[in-house]
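Could you build all of it, start to finish, from the sequences and the hints given here?
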Amino acid sequence: MNLNELTIKEAVEGLKNKKFSSVELTESCLKRIGQRNTEINAFISVNAEEALLDARTADILIGKKKAGTIAGIPFAVKDAICTVDLRSTGAAKILDNYIPPYEATVIRRLREAGGVVIGKNNCDAFGHGASNENSMYGAVRNPYDISKVAGGSSGGSAAAVSDNECIFSIAEDTGGSIRQPAAFCGVVGLRPSYGRNSRFGIMPMASSLDTVGPIAKSVEDIALLMEIMAGRDPKDATTVNEPVPLYSKEIEKNINGMKVGVPEEYFNVKGIDKEIIKATEKEIEKLRDLGCKIVPVSLPHTKYAIAAYYIIVPSEDSSNLARLDGVRYGERVKTKNLFDLYAKSRAIGFPEEVKRRILIGTYALSAGYYDAYYKKAQKVRTLIKNDFEEAFKKVDAIITPTTPSPAFGVGEMISDPLSMYLADAMVSPAAMAGVPALSVPAGMTKAGLPIGVQIIGARLNESAVLRIGYSLQK
Amino acid sequence: MAISLKEVRKIASLARLELTPEEEQRHAETISAVLDYMKVLNEVDTSRVEATEQVTGLTNIFREDEPVSGGNRNELIDEMPEVYAGELVVPGVFADEEEKI
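Residue numbers (my numbering), protein chains in the order written: chain A, 1 to 474; chain B, 1 to 101.
No lab work stands behind these hints: they were computed from the structure.
Treat each hint with caution, since some may be false.
Have a look at the derived ranges for each label pair, beta carbon to beta carbon [claimed, not checked]: (1) D45/B to E50/A: 24 to 30 Å; (2) G448/A to E87/B: 57 to 63 Å; (3) E29/B to F267/A: 41 to 47 Å.
Under the rule of at most 30 Å between Cα atoms (straight-line distance), these lysine-lysine pairs were calculated in the DSSO-like manner [claimed, not checked]: (4) K39/B to K66/A; (5) K249/A to K393/A; (6) K10/B to K375/A; (7) K278/A to K393/A; (8) K39/B to K375/A; (9) K270/A to K39/B; (10) K93/A to K6/B; (11) K6/B to K274/A; (12) K6/B to K344/A; (13) K336/A to K6/B; (14) K64/A to K16/A; (15) K93/A to K16/A; (16) K39/B to K334/A; (17) K344/A to K10/B; (18) K39/B to K93/A; (19) K10/B to K336/A; (20) K10/B to K334/A; (21) K375/A to K6/B; (22) K39/B to K385/A.
Glycine included, every Cβ here is placed at the ideal spot set by N, Cα and C.
Structure, rendered in structure tokens:
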């Protein structure tokens, strides 16, 4: 087995026992990126020199037994997350040369634990998309079949982990951007509860929904990363002041007797692939065999989630993206007056989908439309949230497919934004409710594409979600 | 169509976004389709429902008002597209005013 194929747990073990060094481990990932990036396009920037220096430092600290939990483990970061002194474009040309003067809190915590940043992952620009085709640095290809998309918006992160170009990646999930690409690429991805992980240093998209979480090869790895990442941050006032459980211990608890809900609304989504339903039912049977009680639940407002989500998101997007105007940082088109400076810098700096969202959001928030669109969507959001609260009175977790179909073809939906939005049908409701949700691999289609199932938990109950995911993966 | 070309031009101007005529046309079409889809929300009776603005339940997070270092001023200036004597340069606010520098 090549070093780059290891999980975090295996790599930490190997480093501790001196089977290999962090420099060797990092070199093996860099070599893989070198071989694959032209085809897969999972990285916008590669941090080779710095990564090798950090790996060397990690090796010294491991030798002195002063190393952190993930010392010497090379990982990647979605390019919409700021990394200090390392170019962060958000996959949009307006930030083509942007070098953040500060670091996202979660990345700082991971580096303090010894993690080595190997590069920045491609994504849909500012997280806008479900296919990674809205990147101004080209689409990301699915490692299982390069004619298919990797999913989005964190397509580069999922593809890089799946293709063993890094050991794990840190990404964002606003309405499915971690879970959907994780499902498409056959890896594990967690959207934590809103407020669990700090978003300081994340390029904001929809502030009332944005979360940051890990994509990795195993649920065990996700549990370990969450122990490092989670917890209150004074720089993000939405982070909750709740104790962070020892997730690595939590996942080892037996799931016998846990109640798992199955919502019919997720199984009769229009156009859902039969192979996906079958794969999900197989995982449900597995849970039954492990002693879980399977309970039918209802989430009646599921079918309204996409409509409400795609009002709230562009509205908050249009407001957040106003800061990208060519004035204080980023690309600037030289003009004679200020209005043109804004309008022209934004015209060349944003891809089509970002422009579309700014326009939809500006429209939905403009005088006379606010109540009909944004306010209405926020009210429907309440009903979606209530559905989950009711369900979690009866069950410990909910299981659903992650996506209605396996990875679709590159170019298949790019000219039809509404169809692309509907690809988020199963991942956006949990986001609207602010609850944690995990995607874990659940076999393959006959055509050889990965399938994912989603485990959704009550607010701040990442433990339940990870426990079930861990049992399914074992 | 749910949204006209004229409306697209108006919101693009409000959003400080220059669009080509082709873009205006495409956005009018795709945004109209999206807005049509949103009509599904009218099926839901929300007359007695409160809006959800956030899901944490947190209110009023206070901290001591103490001065802290805001970071490296020079690094922030390094990211500015145009600088003169350590200050950010922007063109005039009023139409067609010539750049001074």
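Hint by hint, here is what the structure shows:
1. D45/B to E50/A: 24 to 30 Å: 56 Å, violated
2. G448/A to E87/B: 57 to 63 Å: 58 Å, holds
3. E29/B to F267/A: 41 to 47 Å: About 33 Å separates the Cβ atoms of E29/B and F267/A, which means 41 to 47 Å is violated.
4. K39/B to K66/A: Between K39/B and K66/A the Cα gap is close to 59 Å, so the pair fails against 30 Å, i.e. violated.
5. K249/A to K393/A: 25 Å, holds
6. K10/B to K375/A: Roughly 22 Å separates the two Cα atoms, so the pair holds.
7. K278/A to K393/A: 27 Å, holds
8. K39/B to K375/A: 14 Å, holds
9. K270/A to K39/B: Holds. K270/A to K39/B sits at ~18 Å (cutoff 30 Å).
10. K93/A to K6/B: At roughly 28 Å apart (the allowed maximum being 30 Å), K6/B and K93/A satisfy the hint.
11. K6/B to K274/A: 44 Å, violated
12. K6/B to K344/A: 19 Å, holds
13. K336/A to K6/B: Satisfied, since the Cα-Cα distance of roughly 26 Å is no more than 30 Å.
14. K64/A to K16/A: Answer holds: K64/A to K16/A is near 11 Å, not above 30 Å.
15. K93/A to K16/A: Not OK: K93/A and K16/A at ~42 Å, beyond 30 Å, violated.
16. K39/B to K334/A: Between K39/B and K334/A the Cα gap is close to 41 Å, so the pair fails against 30 Å, i.e. violated.
17. K344/A to K10/B: 16 Å, holds
18. K39/B to K93/A: 34 Å, violated
19. K10/B to K336/A: Since the Cα atoms of K10/B and K336/A sit roughly 22 Å apart, the hinted pair holds (cutoff 30 Å).
20. K10/B to K334/A: 23 Å, holds
21. K375/A to K6/B: 25 Å, holds
22. K39/B to K385/A: With a Cα-Cα distance of about 20 Å, the restraint between K39/B and K385/A holds, given a limit of 30 Å.
In terms of the numbered hints stated before, the structure departs from hints 1, 3, 4, 11, 15, 16 and 18, listed from lowest to highest.
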